[in-house]
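Chain by chain, the residues run as shown.
There are 2 protein chains.
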Amino acid sequence: MAQHSLERLNVILIGSGNVATNIGIALQDAEAEITQVYSQDVANAKILARTLAKKSKASKPKVLTNLSKIDKRPSLIIIAVKDSAIEGIVKQLNVNDGIVVHTSGNVSLDVLKKFNQYGVLYPLQTFSKGRITDFSNVPMCIEGSDVSTLQSLMTVAESLSDCVYNLNSKQRAGAHLAAVFANNFTNHIYAVAEKLLNEQKLPFDLIRPLIDETAVKVMDISPAAAQTGPAIRKDNNVMKSHLVNLKKHPELKKMYALFSAEILKTAKKKIK
Amino acid sequence: MAQHSLERLNVILIGSGNVATNIGIALQDAEAEITQVYSQDVANAKILARTLAKKSKASKPKVLTNLSKIDKRPSLIIIAVKDSAIEGIVKQLNVNDGIVVHTSGNVSLDVLKKFNQYGVLYPLQTFSKGRITDFSNVPMCIEGSDVSTLQSLMTVAESLSDCVYNLNSKQRAGAHLAAVFANNFTNHIYAVAEKLLNEQKLPFDLIRPLIDETAVKVMDISPAAAQTGPAIRKDNNVMKSHLVNLKKHPELKKMYALFSAEILKTAKKKIK
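Residue numbers (the working numbering), protein chains in the order written: chain A, 4 to 275; chain B, 4 to 275.
Check the hints yourself; a few may be wrong.
Identical chains share a label here; the pair holds if one copy fits it or two copies do between them.
Derived lysine-lysine pairs resembling DSS-like cross-links, with alpha carbons at most 25 Å apart [what the hints assert, rightly or not]:
{"no.": "1", "residue 1": "Lys198", "residue 2": "Lys250"}
{"no.": "2", "residue 1": "Lys268", "residue 2": "Lys256"}
{"no.": "3", "residue 1": "Lys72", "residue 2": "Lys94"}
{"no.": "4", "residue 1": "Lys256", "residue 2": "Lys271"}
{"no.": "5", "residue 1": "Lys173", "residue 2": "Lys237"}
{"no.": "6", "residue 1": "Lys85", "residue 2": "Lys72"}
{"no.": "7", "residue 1": "Lys117", "residue 2": "Lys72"}
It should be emphasised that the hints constitute simulated quantities derived from the structure, not laboratory data.
Chain A with its partners taken away, still in its complex shape (with noise of 0.2 Å):
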């Protein structure tokens, strides 16, 4: 568990979404102190005030309707916006105090080099705001404009995580790539499989714990190790009757046909 304080930060978060919320909460953990919440959407930015300050003994932070009127001597100003977005709050941040980072995986760095120290928080985590995220062992990706400012980041990220990771920007878009596979695509294969169950009027939980079992194994193996199923085994008389049950579904087929490929490579590699 982390277990340094982040007493006497004083944080700014720019956002409301679902990293703003977890990563604030998080930080307010800590023991550092959330001053001031914008959002473009200044009703989700007050919920975002109400929902810290419940969770803190601390004051409740102050709605900032406008850019302008940020406390000019902050210690961290967060920007937890959607990608496309990041831009233009930069282009209206006017502080000479304080690091300003940004949370994104696929974002440079550079985008914040008109600040004096700028820096990159990006928590490797897919986030809901209905579900408070524990962040110790979150892979917090950090990096910095200059040597002293990644060490004050070091500092933040070893307060919220046990898993702190010092990436330049290639490798964090890598990570980023790397986690748009093993989440987003993996999540939608889940739904497919879903609907195929759906299909033969089965449940879902029907393979609940299959999921289940396939994400624990790697927690300590290699994948490529995992690997089994028919590809693998060169079963072909199976995967033929898995593409003849695809009839219907002609991009599930291609994706059958090109998973099936590309496993048969692999192991293909394996005998070499």
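Following the hints, position chain B against chain A.
Same frame as chain A, but now just chain B:
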């Protein structure tokens, strides 16, 4: 937890792989007696017999070297071999008593029709010999040649697991296909993510918490509701930059484009 006892159930196991090993252990835990074990690979049959003997107070199962020497009065004969080997086993197997079942997700019930009583016990889970599976939450998909056989198999399945489903052969094939997506293809996606991370000299540990959370989310909610990411947000800039990052991997670009298009299609359906 499954509660019934299978005392007095006399079981012959044909096969010595991951399914045979795990179902054998689970049956013994439910107090069934495994009397004989057969495998085309005698050495493997011996290992399984020893494993079962170690885990039980009952006497060590006999290793059969020839299927003609099978006990003619078993209660249950379980054929747990790879799909393509089932027919060959059926040809060699001459018994009049007891119930003969296979454990395949993809093979029709009819392959067993030469026997008097026959059925299917398909445990919908991924198994390894080195990892003993708790059967109590393994979905057991059963099918029987007649009502009385189905009832007997229901008793066996309910002794092993709390989740028993009565599926016909077509439904079982649908469930197996869904399982290939949810397990084999999902695991391959994990392997792709590992490859992308390794290219950036990053450890797989970086996305293990994300993989865990992605699977945990759909334990309660539908994957259709859990979908996030650039595709469902229609964030074209992020998707374009991801495709640029994949330029060295034409097959992964294809996979990325296919998934993004499918996720987007789902999003459009939601809006309608």
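Cross-check of the supplied hints:
1. In this homomeric assembly, Lys198 and Lys250 come within 25 Å of each other (Cα to Cα) only inside a single copy, at 14 Å, whereas the closest approach across copies is 32 Å.
2. Within a single copy, Lys268 and Lys256 get their C-alpha atoms as close as 18 Å, and across copies as close as 16 Å, so both meet the 25 Å cut-off.
3. With identical chains, the CA atoms of Lys72 and Lys94 are at most 25 Å apart within one copy only, with a shortest distance of 14 Å there and 83 Å across copies.
4. Proximity of Lys256 and Lys271 under a CA criterion of 25 Å is satisfied in both settings, with 22 Å inside one chain copy and 21 Å between copies.
5. Proximity of Lys173 and Lys237 under a CA criterion of 25 Å is satisfied inter-copy only: 23 Å between copies versus 37 Å inside one chain copy.
6. Only within a single protomer do Lys85 and Lys72 lie at most 25 Å apart by alpha-carbon distance; the minimum there is 22 Å, versus 69 Å between protomers.
7. In the homo-oligomer, the alpha carbons of Lys117 and Lys72 lie at most 25 Å apart inside one protomer (19 Å), although the nearest pairing across protomers, at 83 Å, exceeds that limit.
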